[in-house]
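Number of protein chains: 2
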Amino acid sequence: MTTISRVLIALIAITAFSNCSSDKSSDSRNRPEQAIFPKGDPGAATNFSGTVYNYGLVANDSTYNTLVGNVYFEKGARSNWHVHPGGQLLIILDGEGYHQMEGQPKQMMKKGEVVKCPPNVKHWHGATENSSLTQMYILPKTEKGIVNWLEPVTDDQYKSKLD
Amino acid sequence: MTTISRVLIALIAITAFSNCSSDKSSDSRNRPEQAIFPKGDPGAATNFSGTVYNYGLVANDSTYNTLVGNVYFEKGARSNWHVHPGGQLLIILDGEGYHQMEGQPKQMMKKGEVVKCPPNVKHWHGATENSSLTQMYILPKTEKGIVNWLEPVTDDQYKSKLD
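From first to last, the protein sequence lines are chains A and B.
Take 2 as the starting number for the first sequence in this note's numbering and just add one per residue.
Take 2 as the starting number for the second sequence in this note's numbering and just add one per residue.
Source of the hints: derived by calculation from the structure; they are not laboratory data.
We put the beta carbon where it would ideally sit given N, CA and C, even for glycine.
One or more hints might be untrue.
[Unchecked claim] Simulated restraints on C-beta separations:
#, chain 1, residue 1, chain 2, residue 2, range
1, B, 76, A, 81, 44 to 50 angstroms
2, B, 145, A, 113, 28 to 34 angstroms
3, B, 57, A, 57, 43 to 49 angstroms
4, A, 75, B, 122, 36 to 42 angstroms
5, A, 146, B, 86, 49 to 55 angstroms
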C-alpha cells in the first residue's frame with residue numbers, strides 16, 4: 002500500500018468516527034436544555050430536597066382561578082410534604098418520578114401519565130433515584146388557596162416500597 | 002494502490018455513509034410518533050377542518066372542575082369557531098399554530114408558549130400552513146360549561162394577517 006492510500010484510509014476512518022460521535026450527541030434532545038420550557042428558577046431549599054427548578058406558565062388570577070407551571074427535579078430531588086386546598090393535577094412530560102399521598106403507598110409516575118391529588122390531601126412528589134422528572138402541575142380552584150408547605154420527606158419515606 | 006487497499010477504502014466509506022443515514026433518522030424524535038402522549042381519537046369533522054386528533058388527559062368531574070387534553074393538528078388543520086363558558090388555557094408542546102379571538106388579529110403560537118382565551122370569547126385555533134401543532138388545553142371552571150361549537154373558519158379568515 003502506498004503512503005497516500007494509508008493517509009486516505011486514516012482520513013476516512015476519522016470521518017467515520019466523528020460521525021459516530023455526532024450520532025451519540027443527538028441523545029441530548031431529551032435533556033432539559035432541549036425541553037419544551039426553560040428550566041426556570043431554583044426551588045426554595047425550605048420546600049424541596051435536592052436540585053429543583055420551577056417555571057411558571059399561568060399566573061393565578063380571578064378569571065381562570067388556575068395556576069400552571071412546570072417543575073424539573075434532578076435525580077433524587079423531591080418536594081416536602083404539602084397540601085393544595087383545591088387539589089392538584091400532575092402531567093408527566095419527561096422522565097420518571099414518585100408521588101405519595103399520606104397513608105398510601107408511593108406510586109411511580111412516567112412520561113405521558115397523569116396523577117391527581119384531591120383537595121386537602123397531604124402529598125409529596127419528586128424524581129426517582131435514577132431519573133430526572135419533568136412534570137407540569139395544574140392547581141384548580143385557587144380561590145380556596147395555593148399550597149401549604151409541611152415537613153421534609155425523610156430518606157425512609159423516599160425509599161419506601163412502591164404500590 | 003493495491004486491490005486490497007481499494008476495497009478497504011470502499012468499505013470504510015460505506016460505513017461512514019451508513020452512520021450519516023442513522024444520524025438523520027434521529028430527527029424522528031420530534032415527530033408525533035415520538036411525542037409525550039398518544040395521538041388519540043380523530044376530531045369530529047363537524048367541529049374541525051383537516052386532520053385533528055384529541056387525547057383526553059383529565060376527564061371533567063366535580064372535584065377539580067377542570068378538563069385537560071392534548072390536540073394534534075396536522076399542517077393546515079384547524080377548529081371551527083367556538084366558545085368556552087369558563088375560558089381556555091393553551092400550552093403549546095410542539096410545532097406552530099394560529100389562535101384568533103373574534104374582532105382581533107390572528108396570533109402565532111409556538112412551542113413552549115401559553116395562550117389564554119377568556120370565558121365566552123369566540124375563538125379558533127389550529128396548525129399553520131407549514132407546521133403541525135401539538136397543544137395541551139386546560140378548561141377551568143367547567144361548572145359553567147365545556148364548549149359551544151359554531152361555524153367553520155373560512156379560508157380567508159385562516160389566511161388573514163398576523164398580529
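Hints, one by one, checked against the model:
Between residue 76(B) and residue 81(A) the Cβ separation comes to about 45 angstroms, which falls inside the hinted range of 44 to 50 angstroms. Checking the proposed 28 to 34 angstroms range against residue 145(B) and residue 113(A) shows it holds: the Cβ atoms sit about 29 angstroms from each other. For the pair residue 57(B) and residue 57(A), the beta carbons lie near 25 angstroms from each other, so the given range of 43 to 49 angstroms is not met. For residue 75(A) and residue 122(B), the hinted distance range of 36 to 42 angstroms is satisfied, since their beta carbons lie about 40 angstroms from each other.
Range check, residue 146(A) to residue 86(B): about 24 angstroms between beta-carbon atoms, so the 49 to 55 angstroms window is missed.
Taken one by one, the earlier hints fail for this structure at numbers 3, 5, listed in ascending order.
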